[in-house]
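Starting from the given sequences, assemble the full structure and let the hints guide the process.
Quick note on this note's numbering: the sequence shown kicks off at 630 and runs consecutively.
Treat the hints loosely; a few may be bogus.
Stated by the list, open to error - Restraint-style ranges between C-beta atoms, simulated for each label pair:
| no. | residue 1 | residue 2 | range |
| --- | --- | --- | --- |
| 1 | Q778 | H694 | 49 to 55 Å |
| 2 | R691 | P845 | 35 to 41 Å |
| 3 | A644 | V834 | 46 to 52 Å |
Because the hints were derived from the structure by calculation, they are not lab data. Ideal Cβ placement from N, Cα and C applies to all residues, glycine included.
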Amino acid sequence: MKAEIRTSAYGLLAAIILLWGVNWPIMKVGIQYMPPVWFAAARVLLGCLCLFIFLAARNRLRLPHRQDFPAILSVALLQLTISLSLVHVGLQFVDAGRSAILAYTMPLWVTPLAVFWLKERLDKAKWVGLALGLGGVGVLFNPTVFDFQDSQALLGNGLLLLSALLMAVVIVHMRIHRGVLSSLQLMPWQMLLGGVLLAAIATVVEAGKPVTWEWPLVLILAYNGPVASAFCFWAYITVMRGLPVVSTSVGSLGVPVSGVFFSALLLDEPLSISRISGLALILAGVAAVSFSDFRRR
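So, in structure tokens, the structure goes:
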């Protein structure tokens with residue numbers, strides 16, 4: 630039975646790598662039809678609806694307890710409202726493949742945050758991982774390949790890095806949070822609050838900006854809500870339960886690789902030496918940090 634569960638979990642992990650990876654070029658196309666914050670609100674609320682239906686059908690839908698409120702607020706405000714807005718706005722100015730790489734620097738920022746917030750100590754593996762990851766970021770921002778005079782490029786890349794940092798804050802907070810409901814049971818409530826806040830922000834900051842309601846946008850939203858948001862989140866929770874922590878962490882690094890590949894395939898984005906080198910160094914750094922965490926458990 631355990632072997633079957635593990636086999637199923639690896640299958641779901643492969644699906645996540647594929648589905649989340651291909652979603653980077655899909656999101657890049659989506660924000661051409663809909664303003665970025667409205668796009669974020671639409672995908673979150675669609676995913677929220679799907680998760681409510683899924684949990685209700687399995688008789689697992691529960692009202693959150695008071696102890697769950699910090700987790701709901703943390704994820705809804707920092708991850709779903711602010712971080713997701715930054716990702717979609719940043720995508721307007723940055724290639725989808727590069728955006729995927731920058732977004733997945735998030736595990737690197739967890740390390741220094743955990744040192745200052747949780748008083749964790751850095752071992753040699755984490756020092757090496759952090760150095761490799763920051764080296765990869767340095768390669769991506771090498772002045773010979775990155776135009777620091779381009780204000781839009783600076784803005785987009787900065788927003789994506791800030792998004793990754795905020796995600797790291799959420800991860801560190803969730804490490805110490807002790808609630809009542811499971812992560813899956815909390816997610817629809819987090820998405821409901823986050824989606825409502827995103828819609829409120831979009832109403833103000835994107836007032837008057839048109840939405841081009843054509844079939845490509847309908848299909849993109851149909852993918853982003855039920856598949857990339859609801860299904861992939863459920864699948865990731867299932868994978869974390871069925872596989873060792875290091876397998877989940879390192880396996881997830883396939884997402885930016887997949888994102889770069891599909892962005893080159895579907896959007897004809899360049900596979901430059903600097904992009905591949907930066908990606909490789911960041912992945913190596915995150916892998917080193919993940920192995921260090923695994924050894925300490």
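Tested hints:
1. Q778 <-> H694: 49 to 55 Å: Given a distance of about 52 Å, which is inside 49 to 55 Å, the answer is holds.
2. R691 <-> P845: 35 to 41 Å: Distance hint for R691, P845 holds at roughly 37 Å.
3. A644 <-> V834: 46 to 52 Å: This hint is violated: roughly 35 Å between Cβ atoms.
The structure shown violates just one earlier hint, number 3.
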